Amino acid sequence: MNPSSRQAKAILSSVLFFGAVSYPVLSIVNKKISVAGIPVIYVYVFAVWILMIIALIALNFNRSNRKK
Amino acid sequence: MSVWVVIIVGLIYMAVLFAIASLAEQLSITRRNLLKHPIVYALSLGVYCTGWTYYGSVGRAATTGIDFISIYLGPTIMAGLFFPVLYKIIRISRTLHLTSLADFISVRYGKNFSLGILVSLACVIGVIPYIALQLKAIVNSFQVLYLAEHSTPNPDTVFLSAVFITLVLSFFTILYGARSVDATEKHPGLIAVIVFESIIKLVAFLALGVYVTYGLFDGMGDIFSRIAEQAIHDDLFTLDDGVSYQGWTSMIVLSLCAFLFLPRQFHIGVVENTNPRHLRQASWLFPVYLLLINLFVMPIALGGLLLFGDGDILPDNFVLAIPLHQQDYVMALTTWIGGTSAATGMIIVETIGLSIMISNNLVMPLLYSSTGYPREKPVVTQQSKVLLIRRLSIVFVLMLALAYYLFIGMQLSLVFIGLISFCAVAQFAPATFGGIFWKEGNKFGALSGMLVGFIIWFYTLIIPDLAHNGILSESILTEGPFGITWLIPTELFGLQQFDIISHALFWSLTSNTICYIVVSIYTKRSSQEVYYAAMFVNAIAKDEEQNNRTIWRGTAYISDLLNLLSSFVGTEKAGKLMRAFAVRNNVNVDEEFALADNHTVAFTERTLGGIIGAASARILMQKATKEEDIRIDEVVDILQENKQIIAVNKELRKKSTELSKASKLLQEANDKLLASDKQKDEFLYTVTHELRTPMTSIRALSEIVYDNPDLDAEQKQLYLGAVVKETERLSHLISQVLKLEQFDSGRQQLYPTMVNLNELIRDVSSSFSGLIQSKELTLDILLPEDAPKVYCDRDMIGQVLVNIIGNAVKFSNTTIRVKLEKASKEWEISISDDGKGVDSEVQEFIFDKFFQAKNQTLKKPEGSGLGLAICKKIVQLHGGRIWVSRTENNETQFVFTLPDLDS
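In order, the protein sequences belong to chains C and V.
Counting along the first sequence from 1, when you hit position 42 you're at 41 in numbering that gives the first Met the number 0, and nothing is skipped either side.
Counting along the second sequence from 1, when you hit position 238 you're at 237 in numbering that gives the first Met the number 0, and nothing is skipped either side.
Source of the hints: derived by calculation from the structure; they are not laboratory data.
Take these hints with a grain of salt, some might be off.
As the list claims (entries may be wrong) - Just a sample of chain V residues kept apart from chain C, beta carbon distances all over 12 Å, derived:
| no. | residue |
| --- | --- |
| 1 | Val518 |
| 2 | Lys523 |
| 3 | Pro783 |
Stated by the list, open to error - Each computed DSS-like pair below joins lysine-lysine, with the alpha-carbon atoms no more than 27 Å apart:
| no. | chain 1 | residue 1 | chain 2 | residue 2 |
| --- | --- | --- | --- | --- |
| 4 | V | Lys185 | V | Lys87 |
| 5 | V | Lys724 | V | Lys774 |
| 6 | V | Lys87 | C | Lys8 |
| 7 | V | Lys87 | V | Lys649 |
| 8 | V | Lys35 | V | Lys572 |
| 9 | V | Lys438 | C | Lys8 |
Note that the structure is a prediction, hence the values are computed from the model and not measured.
In this text, a Cβ means the ideal position worked out from N, Cα and C, and glycines have one as well.
Bound-form chain V, shown alone (with noise of 0.2 Å):
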């Protein structure tokens, strides 16, 4: 294979992430939701596993068996803390425009510069051999294809490569990532080419695994049985005993924190997000995502063993060295696609994350408070100053990474190099977890702990590595400096059980977090820590900002921080985001000599915070307005009454609900009311109605009796009988209703016994004997044989069935039949008649007062139309229910029932 061939491979591989780049940031100007999914989230996450994890990974492996596998561990633990931890932080950066790590530390410590300028520093010499050790990883992969064709290696293509593959990173980097002012805004463009590569990286190491598992050795039991078979490699089946749990260890925490703090990984997690919500699905996703990249990494080490044995070629470089062995040379570019598209990648955000602190945290602070704010200029400089400054930095770094790498970094491992790193953004995890979770935790504590933990790192690390590379005297590392053998750098303070990394980070984390605790215990926190302590720990969402009383004393002009405002983003997009602003927070800016309030000095120093970063925006807010210092007590009572604040506003909402709940309850009584008046109305009508004709016919017939003294004694008795039977009615009718207002008002009393329910029902069918008998018609009755005790008012119960069997009487045409049953809890009662029965419509209405009366269809009314309805009453009154239906023979039936004491 040519080449050549890898090289036009390589440049089309290139032009494609340029086209992805550019395509997506046209194609977001019009669907503003192109990338807004959790996938998207969850696969520029991804950009986690670099070339390490692609090269680094498998030459461990094979030098060293599982333990590669625990930095991918770390992350997955911190999937599961997703919520508590990197949400917040999610939400603090988007309330208060932090991009960056060393924003967001210093700005929680009262924007404190000289701790943004370590973070800053810290970064950037943590994290540049590792830069160098992606480009170490691309020149690595192209020598290892160009030495399959060359029998000699070349240094110029060495040198060459290294060179050309940062120039296209800086120039890409710079289009892609610095492309406007404003770091708040996203970045399409670089989040479709990360996600695009973490695809194709996960999709061709694959591949590969595949290639090597399934298609050179038949299966991964095959591939780990013929190692056993050698027994020269059974260390890697096993961790060493000791030592390689406390390495182990403390990769897991190392890849934890580093997960977090790496600038890359910040960027994209926090900086880049869309949506803090993306996170729920992201937590299980990424996971997902490195354990499917890690699933053949073994595989393939083994698999190289097994191929070349412990030839000259290196474990870093099986990846390739497998399908170039093979002489499959498809496979063998489309791995080196996959390790180029890892390393770009990361090589690719972690410039702009550390661009971005270099230029907000280091040059812009130093540049702004020596010149001062500069009013005069023409505004489109601020503009272009801010994008020169940027720019030069990704330059900058990605130079120095070079440097590093030609000159340094050229005989290191991979592996190595990134746990310095690691160990290095380490040193941010205790300032950053008490930042969000410690209101005490004060900048004090974080400085001190941050440098001790940096120089520890440093004296145990990096002195050690130079004395290795004869930079400094060997002795150092077996008789200690000057001879003091306890502060042997890898044995301090005589701790000798630990490998270097573990020691390095117990050391420096332990004494880091102990004096970041310690003197913030013993030292004040200034007024602005104070506020951003609580702001911070209590994560304040944004629209909750206008509760937020700031705390900002002095007097400003509005149209003097639109003018700052407007030399950093452009005279039209500052009026319109003032003009917004205002519209949110209801504040007159129009006025051109108006003085502003403190919400509206706090809003303009976030937004130039967003582009120059916090420290800087300080400087100039401060020039540009007039400030006045706070006191510490003002501070605290502004907490307090924002506390408040909230607190009201949350009464506030729940007495609100509490108010709409009671008058939907008035309405519901009302609407009650409102009925049972007309119900009222309706009886009254009904019952007049109803005492009228009895009333008539007594009337017209004694009149006719008055009138007519001669009519003779039959026909005289024959009217007087008919005016008598009236009357009764009338009584009738009139002790019916009332009865039944009596139980409507609640006044009717019960006189409950213990009633055998057996006796009664027989006594009451006694009394219909003689009728029954008239009739012709047959009185089943059927009760149970123990005879059941309800307690109950005798006389009522009686009335109702009187009334029921008397109504089954009338209208049967053969059989009644009376039955008394246990259903559940309650005694039943029902009573049948064989009679024309009941429509099914108006079985639900039969009970109501004057039912009779209404339906009019009935030919003649019998009874007053009140006994249902007062037999309704009494059983509701004992707690039971009555109701009418239909029985399969055809039969009308009357139930009720009576709770039964016993259940």
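Just chain C, with the same shape it has in the complex (with noise of 0.2 Å):
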């Protein structure tokens, strides 16, 4: 991946997190509703904040671009 897509990638990443925790999607999970007895709007933004981490280390984590 060339430096200049991976950071589109990173900045894209990045907005699309931000929708995800903000208003109006947020309002979606916020409800009294409970995943294995824990409310649903925590274990989503867990779950999104897991999986923009992921993100970031799929974009980063890389072998042969942290020789350079």
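If you follow the hints, you should be able to join the two separate chains into one complex; please do so.
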């Protein structure tokens, strides 16, 4: 992956992440429902957070690029 | 648990910090790469998580639910923007030796002093309460432990512990944060301690989380469902509609800005960064850190609610109160150490960041502009003066924080003070982002934007606070100043729907941004600004430094510059720096009275800037040299020129790669030419050799006939017959050579027609029938049913067939098989025989010219040795391939292909 496309993807994931944890998307899970006993908004925020981290790992964890 | 145990553990912990710092300082001398690792960088960024995270998040989670987490989502968003933003800031700061955000902003806008002063003052005013907050966290946590043994609080212990902690931290910060005079030098001792504290606070908090969630309760689901059963805390499970969404989003925006602009974040993220490439690993390691430290906040908060109900224990103290309630003192002490490390780490770095700003942007510019450049004073005083100012600034910052805590901050909540600080530093966002992405942004815009932003910040956040604390009349919040309702600080211009933080953020940041843009558009930039704007926006790399002409005109002597530098870094080091620069840039600095060129002047100013800040360095340079003003059009010319130089360099690099490519091609062509020349020689040699053999026999035989007229007729007939045969062979050979030459030179023309291959093979085969019968061989012909038509030269392909079948007939013992079949996109004609075959090693050479002649192992040459070479040429000319192989039943198989027109 060349640096500029990696940069574009990183910016895109930031924008998507911001959208996913903001109004109005957040209002979808802002309900009194539980998943395995845990409130759904709590589960949702952590899940999206983990997805963002996975995206950042995929974009940056690359041995061949690290040597550069 | 005795208080003395707590005090002893605390002292041991402090001693460990000192030990780690001095060990790291010592080790870094011999092992320079000790702390240069992405993980170290990512962990040191963890200084973002303070006592607020440790105690405050739990407190907030227990009162308002999940919204505590929003201030960790902002930095995670920033992690995705590390490369366009933070990487750029780091590169610019490294190139220009910038050591604080105040320096960064003031240099970007033409080394403007007022901007540096404004940024520094705003940081001091905005961040001191935040440091006080951390002191409060430490003292409070100590009080919680104290109250576990004593029933009544003791005000003396509050005061004593606050003063004691401030003193220890001052001592530590001075020792490891203000060691040397060059602020661009890294502080390995400091970083080691911050990394250590980051690990301690994470481990301690996770340990407590596991202890509460799985020790006291039965997992997260259990805690949540027990709370749900109580039905009094339902509001914790969701965000309130309306107001909460605004608050949530503003906290994300605030934390995103705070992650960049808080003095401690800028110091760790930019100034202490050892390698900008570490950002790549840090961009995911740091969010992982944030996620882990937040994982158990909610379970601990809810656990606290379950254990204590709405009793008299403050939610901010749950973290310590839970293990104390269970009488698990080891866990309580571990938690306390974790909280202390979170708070002390923040205080140390924040103080260093602030002290650099205070000394470099407030104290030193005033000092040097009033007293002037002290030429006559002994060298040492300048160095120690800078250090003294830095150290006094540290003490000043900490004392201010202590005073704030003791006199004002006792009654404020942890989170609110933090958000006030966040909102203050968010005011740097327009000037900084504009500075690195928008060339037209200028100092008037930055100055007016930030001023307006800070005034609104003060009016909408500090005034209400003062009113609440009774310093101002409360009526200002209900009726507005002088009864003007649209000026009510919390409902500015009648905006009522927002919570106080969102309200302040909205008005301050929007008016700041609008001012910055509008004023920038309607005012002109100075020459210095034009230059630095281009430099910041393009983020010129350090190695391109020589390509750039700097904007400076005037007279300066090398000796003056050297003296100036010496008085701040010492004579020896100044000489070393100057010589290294001279070698890098090919400048002569050895002559005593030589005039310095622009690069040397710029270098001296940059290096000085690293020590005393850009603003003070500017003042000193003005005094040490004779400067002339530069007009704006000259700057534009220089920038144009720099751009051109870069473009020309790029062009040159491109040209040179093209050139080397071309020369490589040429070399290859030459090699080919030489090889074919050699081949030609060899060919000529073989041809003449081949011609001589029949010539010799013709000559010998005709001489015999000529010399012996009385030979009998029968013998004469025999000799003459041999001569005729040799002559035929000779002419055959010559015609073959001519034909081959025609192919080689490309003069051979093809006359292609649609040819029925089945028919052609049958025709050629039948011409051999007599010979085959006489040798008692069998000929199998395998042809496809629908006769394939191929576009080719009938005579030539016929010649190939004659040649190969002829060879087969010559060598075969019993059977010859001719087969035509379709192979993907071509027709494959194979002729196999059960003769002696072709050795596998010579298979690839058999189609070379005169292969037979050169291989003298064959007893008697049969044919000219050019037949197969001609076959190869013909097949190649038709776009096919020819090869020889051995089949499974040990037959020799010659195969050639012809492209199929239909596919």
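task = Mind listing which of the numbered hints don't hold for this structure, in increasing order?
result = none
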